[in-house]
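Respectively, the protein sequence lines represent chains G and L. The first sequence lines up with residues 1206 to 1506 when you count with the working numbering. The second sequence lines up with residues 20 to 326 when you count with the working numbering.
These are computed hints drawn from the structure, not numbers from a lab. Among the hints, erroneous ones may be present.
DSBU-like cross-link-like pairs, simulated, lysine-lysine; straight-line CA separation at most 30 angstroms [unchecked claim]: (1) L/Lys129 with G/Lys1304; (2) L/Lys129 with L/Lys95; (3) L/Lys129 with G/Lys1484; (4) G/Lys1484 with L/Lys95.
On a predicted model such as this, the values are computed, not experimentally measured, just so you know.
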Amino acid sequence: MNLGDIWNSIFAFDNYGEILALVQNSVWAGAVLGLLGGLVGTFVVRRDLAFAVHGISELSFAGAAFALLIGADVVTGSLVGSVAAALTIGLMGGRARSKNSIIGVLMPFGLGLGILFLSLYQGRSANKFGLLTGQIVAVDTVELQVLAIAALAVIAALVIVWRPLGFASVDPEMAQARGVPVRFLAILFMFLLGVSVALSIQIVGALLVLALLITPAAAAQKVTSSPVLAVVLSVVFAEIATVGGILVSIGGRIPISPYVTTLSFLIYVVCAGAAAVRKRRGGARSSPEALTPPVRVESGV
Amino acid sequence: MTAPGIDLSTVTEDGGPKGLGVGESRSGEASAVALRSASLSFGPRTLWQGLDLDIRPGEFFAVLGPNGSGKTSFLKVLLGLLPLTSGSAWVAGRPPGGAGGEVGYIPQQKGFGPDVPLRARDLVGLGIDGHRWGVRVRRRETDTEIRRLLERVGAGGYANVPVGQLSGGELQRLRVAQAVAGDPAVLLCDEPLLALDLNHQQAVSALIDQQRSETGAAVVFVTHEINPILDYVDRVLYLAQGEFRVGSPEEVMTTEVLSELYGSRVEVSRVNGRIVVLGLPDATTHLHHVHDQPALALDQHSEEDGS
Ligand SMILES: Nc1ncnc2c1ncn2[C@@H]1O[C@H](COP(=O)(O)OP(=O)(O)O)[C@@H](O)[C@H]1O
Ligand SMILES: [Mg+2]
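Only chain G is shown next, with the shape it has when bound in the complex (with noise of 0.2 angstroms):
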């Protein structure tokens, strides 16, 4: 394989507009991530959750790799898996830290029991292969539907939870003292994103559901030390990853997946320089928002 034809391997934009309608589906159903990812991913990188969302994937990994082998429905299967690890996880209280290193055990094992039941899977190999990096499957109109479904219930969840969940993950001390239900939140959190989590890899597989829920709102919070702006800035570049992802990938023969961590990636990337470049000219204390930027009395050198 040459590089010309890898090239056309990755972009391909022949009988674009056809290919457009065909995949019409799977288009929105990326869009519907995009929204749950941006939202939900804030809440996970200030909760310090990025290494629980790879262990919850593995599991979900591990669950729908089991559906698939026994003939059961992948997406329950899935969803079981990555409630069952969050609410473990959850259940397990403590802090991040602490956390860490049930989670490092718990995640080969639930790769462990993917490989093995994809291994005894005798079925269609793309199907083993789309559950871990992600694929278009033609999302039929049912399935886009069930998706926006429970997308928008993780959504409402949020919405209703919205205040004392943050208080709880920036100041949860205080949170506490004020009245605020810190153990509940964090188990309910916890739910809510093994649900999305086992959402988004229908798109973009289990490997890389990072992309999706952590990459978009890490890049959101370098810009940004604003709580308000940094939502909209995560769901704006979920939205470009993941929907962007798709647009550019439909030509092409290779999964999903690659187009939409390798956006979120420049995406970040672009945030990070941003933020580094603000930061050497505004000094330590610079931050968009600020009202008074520090005042140095310029000496006549």
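Assemble the complex: chain G is given as a structure, and chain L with the ligands must be docked to it using the hints.
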């Protein structure tokens, strides 16, 4: 543990009864904070027992004692984060933890990470409505209230600075603003002066006392160091060696009382209106316990106002 603690303050300035004996059974609902036969133990270790206490609205109540004597645990009981081993407690007329908005809390100082997406104004906003369900709808009113609180503690100049970039003193002013949002009936402060320079110690103490005198809030102020708040303190709870003493600073901060409490000779003297305590058992390991010995630097970690 031999003798339980003794309440030295049986009579207030206005002549009314202040401490209640173990046998008395007033419910304590009129007090800002009330404890009845309260004790707290971790396993075999008793931090205090037989504690009967009524803190009045508008009272400035200090909790003193060496490291590990149970000062933070005392506040955690009042916050409802730690159950009493025995006895009962009320805060703002409710069981601990049940009075949500009526309790303001200033936690033991802990900084924020540099990347936390939170500006000074957002931190104060959390104190106003962070505990409510849903998303913030009444933005303008909340913004006005945030601005008022920021001005009140002199933090208007760094309203939009991320909390991870603030100095200890700046952050502590915000903690005061956050805690007094909604004018709570009880202010619980856990070593709010720790790691602050003298200026900020005075400023933060004055802010807390100002809130007390303007709103009638009861202040429970945990501290290593009584001198920065000596002008404000009505009564002191001194915890040491599993025992306690309650009374005015004049009653508790004496050579006799502290020597008895520590079970060894402790010298208390007054120099220029400040209280100096010498000979504390662990004074060699914790310089902070030497109550403002003039020869020592007041604060080992004094830091600059970083703007
Ligand atoms: N949850 C807990 N379980 C067991 N021991 C505890 C717990 N919390 C505090 N302690 C112990 O109780 C003692 C008092 O702690 P603390 O209230 O933090 O003291 P202070 O604030 O006066 O320094 C310490 O020896 C501490 O180790
Ligand atoms: Mg303490």
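Results of checking the hints against the structure:
{"no.": "1", "hint": "L/Lys129 with G/Lys1304", "verdict": "21 angstroms, holds"}
{"no.": "2", "hint": "L/Lys129 with L/Lys95", "verdict": "16 angstroms, holds"}
{"no.": "3", "hint": "L/Lys129 with G/Lys1484", "verdict": "24 angstroms, holds"}
{"no.": "4", "hint": "G/Lys1484 with L/Lys95", "verdict": "39 angstroms, violated"}
Checked against the numbered hints above, the structure violates only hint 4.
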